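Participant: These are the residues of each chain, in order.
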Amino acid sequence: MAEKLLKKGNEAIALAAIRYGADGYFGYPITPQSEVMETLMEEMPWETTGMVVLQAESETSSINMLYGGACCGKKVMTSSSSPGISLMCEGMSYMAGAELPCLVVNVIRGGPGLGTIQPAQGDYFQSVKGGGHGDYKIIVLAPASVQEMYDFVGLGFELAFKYRNPVLILSDGAIGQMMEKVELREPVRRLTDQEIAEKYGHWATVGKPASRHGNIISSLSLAASEMEAINLRLQEKFQKMRENEVRFEKMMCDDAEYMLVAFGSSARICEGTLEIAREKGIRLGLLRPITLFPFPEQAIREMLPQLKGIMSVELNSGQMVEDVRLAVNGTVPVEFYGRMGGSIFSPEEVFGALTKKFNL
Amino acid sequence: MDVKDIIKPENLVYNKSKVLTDTIMHYCPGCSHGVVHKLLAEVIEDMGIQDNAIGVSPVGCAVFAYKYINIDWQQAAHGRAPALATATKRLYPDKYVFTYQGDGDLASIGTAEIMHACNRGENIVVIFINNAIYGMTGGQMAPTTLLGMKTATTPYGRRADLNGYPFKITELIAQLEGTCYVTRQSVQNPGSVRKAKKAIRKAFENSAQKKGTSFIEIVSACNSNWKMTPVQANKWMEENMFPFYPLGDIKDR
Chain A
1 MAEKLLKKGN EAIALAAIRY GADGYFGYPI TPQSEVMETL MEEMPWETTG MVVLQAESET
61 SSINMLYGGA CCGKKVMTSS SSPGISLMCE GMSYMAGAEL PCLVVNVIRG GPGLGTIQPA
121 QGDYFQSVKG GGHGDYKIIV LAPASVQEMY DFVGLGFELA FKYRNPVLIL SDGAIGQMME
181 KVELREPVRR LTDQEIAEKY GHWATVGKPA SRHGNIISSL SLAASEMEAI NLRLQEKFQK
241 MRENEVRFEK MMCDDAEYML VAFGSSARIC EGTLEIAREK GIRLGLLRPI TLFPFPEQAI
301 REMLPQLKGI MSVELNSGQM VEDVRLAVNG TVPVEFYGRM GGSIFSPEEV FGALTKKFNL
Chain B
1 MDVKDIIKPE NLVYNKSKVL TDTIMHYCPG CSHGVVHKLL AEVIEDMGIQ DNAIGVSPVG
61 CAVFAYKYIN IDWQQAAHGR APALATATKR LYPDKYVFTY QGDGDLASIG TAEIMHACNR
121 GENIVVIFIN NAIYGMTGGQ MAPTTLLGMK TATTPYGRRA DLNGYPFKIT ELIAQLEGTC
181 YVTRQSVQNP GSVRKAKKAI RKAFENSAQK KGTSFIEIVS ACNSNWKMTP VQANKWMEEN
241 MFPFYPLGDI KDR
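Chains A and B supply the protein sequences, listed in that same order.
Okay, so the first sequence: first residue is 1 according to the numbering used here, each after it adds one.
Okay, so the second sequence: first residue is 1 according to the numbering used here, each after it adds one.
No lab work stands behind these hints, which were simulated from the structure alone.
Note that the coordinates shown come from a computational prediction; the quantities given were computed from them, not determined experimentally.
You may find that some hints are simply not true.
Claimed, not checked - Derived list of chain B stretches under chain A, where covered just means 3 residues or more per stretch with a C-beta under 8 Å from a C-beta of chain A:
#1 72–84
#2 89–99
#3 158–169
Note that beta-carbon positions come from the ideal geometry of N, C-alpha and C, so glycine has one too.
My request is simple: use the sequences and hints to build the entire structure.
Facilitator: Written out as structure tokens, the structure reads:
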């Protein structure tokens with residue numbers, strides 16, 4: 001039987017990194033996610049799997065260490081929280097441009113600026129609309145439990161290498177700090193240098209054998225025609241992500257007349273709202289996007305014929321609601337309810353907002 | 001005797017390194033980059049490490065170093081080459097990993113990365129080209145620009161009260177426990193070229209012996225942005241750069 005432990009979300013990320021065969025973690029301390037690196041340092045994976053763990057001098061350096069490690073065809077990751085992720089956005093743009101796989105974990109805290117250390121979801125726009133410069137996309141996974149924190153490390157690496165693109169786990173201070181039961185999956189062995197050379201040697205910087213010219217990993221191309229061709233190729237890749245990687249969960253949606261859309265910790269709270277609504281005879285459902293990019297537009301559109309209203313529930317000023325409205329395209333009323341700056345709503349508050357906005 | 005009679009294999013005294021590609025360099029005639037690239041390629045060839053060398057190129061004129069030296073290359077964001085090299089070396093401890101950076105890249109935007117990589121004693125080689133000016137962007141002030149020197153952003157000459165002082169970062173690097181070899185070289189004549197090549201070879205050997213970081217500054221000429229002929233630039237460098245940036249080993253252990 002698989003081992004089950006009681007762990008914080010942040011600890012689950014660290015344990016998953018080791019067990020999913022990560023080659024390197026590079027990070028910088030910031031609340032509320034410092035347990036990730038602390039757990040890794042306690043576990044000392046360099047003694048067991050050979051995984052490298054390094055405390056960098058900054059988040060800027062961390063993401064550029066990922067850039068170097070990813071160039072080598074290695075499974076590399078970092079974790080941080082909102083202000084640190086802002087510093088990493090430049091690096092993520094470079095890595096998307098150079099087509100490099102990596103895993104970044106953002107345990108969001110309230111912003112803007114230094115903000116607070118309490119949970120929030122204010123980094124939705126930063127995550128799904130770019131954050132860094134240029135036309136690029138990263139796959140964004142939004143866990144709603146400690147188990148998903150663990151599982152998405154494996155899924156994240158898989159998708160990162162499938163598309164040779166950064167993948168972001170967008171969590172928050174609540175999921176990172178709360179303790180839940182987590183089932184440890186079957187460990188995945190790290191690839192040997194030989195295996196990496198065979199698998200990724202056609203693009204990675206693993207040392208040039210006599211049989212080929214040196215590999216060059218760069219996001220630079222000064223000729224406009226070449227740069228446009230690269231952009232078109234990248235856009236094709238992002239389109240494939242939209243076609244193949246949408247993930248979501250629907251709860252009580254079969255007979256729903258009203259639907260909440262919420263991700264991560266907001267979705268967990270909204271599960272409570274579903275129970276309250278059902279007790280009062282309101283047919284309420286919940287759609288939880290698991291991938292924020294690609295966004296489950298089609299899943300939302302398919303619900304429209306039966307719905308009288310949708311409410312997007314977020315720990316921010318209303319960010320994902322814009323994507324919900326784009327999907328709905330004016331056919332059904334879309335409302336928003338949220339709190340900010342580290343304050344969290346209760347299931348009752350969400351229910352109160354729903355009844356008020358739709359006169360229920 | 002005709003020239004054709006002289007061009008014979010047994011009379012060959014010099015050959016282009018096989019590690020250098022045939023791509024025509026974009027560097028200006030008189031620029032030091034080409035010579036340093038040649039030395040790097042020769043050292044890589046002499047040591048037989050072409051299949052084990054991984055280079056990290058900067059942002060600046062040397063961004064295209066990867067076009068000229070036929071090994072695996074990573075092209076870093078501005079100033080971040082030491083971070084890439086750190087991860088690469090830690091993930092592949094037996095490869096020869098080096099960064100190639102200019103003065104803007106290493107001594108301005110990338111000061112944190114170079115200081116911490118050197119302080120951690122990463123077993124990498126750092127080639128630092130100091131020509132006291134930004135080349136690629138068209139001759140703006142660099143951290144290493146001398147006082148009084150005219151650049152696009154100090155059109156009346158660098159003033160300490162307005163622009164601060166020229167940055168002797170190599171002396172600072174030598175203070176860090178993680179560095180094993182810190183030296184300042186140049187490549188403006190055959191004698192200095194020979195010394196610079198020896199220094200580069202030594203740095204790569206240090207890397208193999210895991211002695212710590214080896215840091216080689218090469219005081220270089222940028223005649224185009226200094227607005228001089230190549231000959232004038234080398235003379236100006238000897239008369240003005242060398243007194244402030246004296247050549248020789250600063251640390252060797």
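Participant: Could you work out which of the previously given hints the structure breaks and list their numbers from low to high?
Facilitator: As far as the earlier hints go, only 3 is violated by this structure.
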